[in-house]
Amino acid sequence: MAQLAIEDLRRILIACAGEDDSLDLTGDILDSSFEDLGYDSLALMESAARIKQEYGIDLSDDDIAEVETPRALLALVNADTATAAV
Amino acid sequence: MTTVITGIGAATPNGLGTEAFWKATLTGANGVRELTGFDTSAYPSRLAGQIVDYDAKTHLPSRLLPQTDVSTRYALTAAAWALEDAGVDENTLPDYDMGTVTSNALGGFAFTHQEFNKLWSKGSEFVSVYESFAWFYAVNTGQISIRHKLRGPSAALVGEQAGGLDAVGHARRTVERGTRLVVSGGVDSAFDPWGWASQLAGGRVTTATDPEAAYLPFDERAAGYVPGEGGAILIAEDAASARERGAPRIYGEIAGYASTFDPKPGSGREPGLRRAAELALADAGLAPADIDVVFADAAGLPELDRIEADALRAVFGPRGVPVTAPKALTGRMYAGGGPADLASALLSIRDGVIPASGFTAQVPDAYGIDLVTGEPRTRPVSAALVLARGRWGFNSAVVVTRHTDH
Numbered sequence: 001m002a003q004l005a006i007e008d009l010r011r012i013l014i015a016c017a018g019e020d021d022s023l024d025l026t027g028d029i030l031d032s033s034f035e036d037l038g039y040d041s042l043a044l045m046e047s048a049a050r051i052k053q054e055y056g057i058d059l060s061d062d063d064i065a066e067v068e069t070p071r072a073l074l075a076l077v078n079a080d081t082a083t084a085a086v
Numbered sequence: 001m002t003t004v005i006t007g008i009g010a011a012t013p014n015g016l017g018t019e020a021f022w023k024a025t026l027t028g029a030n031g032v033r034e035l036t037g038f039d040t041s042a043y044p045s046r047l048a049g050q051i052v053d054y055d056a057k058t059h060l061p062s063r064l065l066p067q068t069d070v071s072t073r074y075a076l077t078a079a080a081w082a083l084e085d086a087g088v089d090e091n092t093l094p095d096y097d098m099g100t101v102t103s104n105a106l107g108g109f110a111f112t113h114q115e116f117n118k119l120w121s122k123g124s125e126f127v128s129v130y131e132s133f134a135w136f137y138a139v140n141t142g143q144i145s146i147r148h149k150l151r152g153p154s155a156a157l158v159g160e161q162a163g164g165l166d167a168v169g170h171a172r173r174t175v176e177r178g179t180r181l182v183v184s185g186g187v188d189s190a191f192d193p194w195g196w197a198s199q200l201a202g203g204r205v206t207t208a209t210d211p212e213a214a215y216l217p218f219d220e221r222a223a224g225y226v227p228g229e230g231g232a233i234l235i236a237e238d239a240a241s242a243r244e245r246g247a248p249r250i251y252g253e254i255a256g257y258a259s260t261f262d263p264k265p266g267s268g269r270e271p272g273l274r275r276a277a278e279l280a281l282a283d284a285g286l287a288p289a290d291i292d293v294v295f296a297d298a299a300g301l302p303e304l305d306r307i308e309a310d311a312l313r314a315v316f317g318p319r320g321v322p323v324t325a326p327k328a329l330t331g332r333m334y335a336g337g338g339p340a341d342l343a344s345a346l347l348s349i350r351d352g353v354i355p356a357s358g359f360t361a362q363v364p365d366a367y368g369i370d371l372v373t374g375e376p377r378t379r380p381v382s383a384a385l386v387l388a389r390g391r392w393g394f395n396s397a398v399v400v401t402r403h404t405d406h
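Going down the list, the sequences are from chains Z and S.
Residue numbering for the first sequence follows my numbering, beginning at 1 and increasing consecutively.
Residue numbering for the second sequence follows my numbering, beginning at 1 and increasing consecutively.
Read the hints as simulated data drawn from the structure, not as lab findings.
These numbers were taken from a predicted model, which means no experiment stands behind them.
The C-beta atom is built at its ideal place from N, Cα and C for all residues, glycine as well.
Check before you lean on any hint, since a few could be wrong.
To be verified - EDC-like cross-link-like pairs, simulated, lysine to aspartate or glutamate; straight-line CA separation at most 16 Å:
1. S:K149 to S:E220
2. S:K149 to S:D89
3. S:K122 to Z:E54
4. Z:K52 to S:D262
5. S:K118 to S:D97
6. Z:K52 to Z:D36
7. S:K23 to S:D365
8. S:K149 to S:D97
9. S:K57 to Z:D63
10. S:K57 to Z:D20
11. S:K23 to S:E375
12. Z:K52 to Z:D21
13. S:K149 to S:E84
14. S:K149 to S:D210
15. S:K57 to Z:D21
To be verified - Which stretches of chain S does chain Z cover? Using the computed rule of at least three CB atoms under 8 Å from a CB of chain Z, they are:
16. 127-134
17. 344-353
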């Protein structure tokens, strides 16, 4: 199953919740906090729904609530894709 | 305590921005046109007061676009204009000294229609999480409050087409209770197929096809109203606080407000509009002779126009005060209608001119009202009464006056 890359996540975040005009999302955002990037819990729920639609990975609301950075979110998704592939 | 208006932001079918709206209102620029956006050929009514030159991306950060209905986008845009006009940013006053009180009658129809499409065609997991609030009558108050960091007392009022005046009345009450500044007014829009069908179901929308002869309030040809979209946001402030912070301008005072409810249908008792007007005048401490112009509710249906004319004659005497209905050029903007009329009333005070009533030309003598038709009427205006009625019995009235230091 396809792995979710940072470029995919960036695209999904912007599609689901727009982008902050004062922030450059094209830079290295892997370890930025979603809070600093301007994505609140609703933005992440919306993004999680999109990830499920596109990648078939079902992230629980509890998981989403605990994820603080794009790196952590990618790890969560890709661990699931690895599990799903087994 | 005196509550004044220090900022205005209007977004209407005949003008984006307060001065554009005012110029269109005075020149008689018509915002009523064929409704676009979906195929209306099977609908009995096809004319709307539609905003056609609004590009949300140029007015709002992209962050707000996935989570907002078009009505909320107009509200956010008008609020930003009003705050800018008032010279207010998030550092002007402490955040808890600034509140938000807006009215909305229709909710986020277009956004919800789009999400319902996803629900029925793809499944519930495709429905936007933002649907949770984007549909909601209180969302404009919430989004304005969040965007501009206004953390003081806030509220949302729903009173069908009278609610916009109720919001301004409650903003004044909020100022009197100690909040220095309140963003107020109302905005509506529902021009998706579902929203349109809902409006037509009310049974009062005209089936006329000529944009210049469709919404003719107080005219003997009146046969329904044209729905509009948009409205106005006003900045209400404690006068002393506005002076203290050096507000760039004061448009006028919210001198009086009242709302009443109609008696039960079939009771034979008089509708509540006259009482609302009289109570607002009493609240302002003014006599009918002090009022220079009335911005009428102007329903555009013979029975309702007659009821309003009766109320005006009862309060002011036959042809006792100039009456106008510039909303004939925008269509009825629901919660946005009253605040847009308040904007016009305040600008009438500023400029000494009363706008005309769209394309209305032939007013029955029996109405006994001095309706301003054809051209604007130049005359000093120190006090204006604005009326609005909502379906199922709402009547609201606001008196605005020229501000004098006292």
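For this session: Identify every previously stated hint that the structure contradicts and give their numbers, smallest first.
Result: Those not satisfied are hints 1, 4, 5, 6, 7, 9, 12, 14 and 17.
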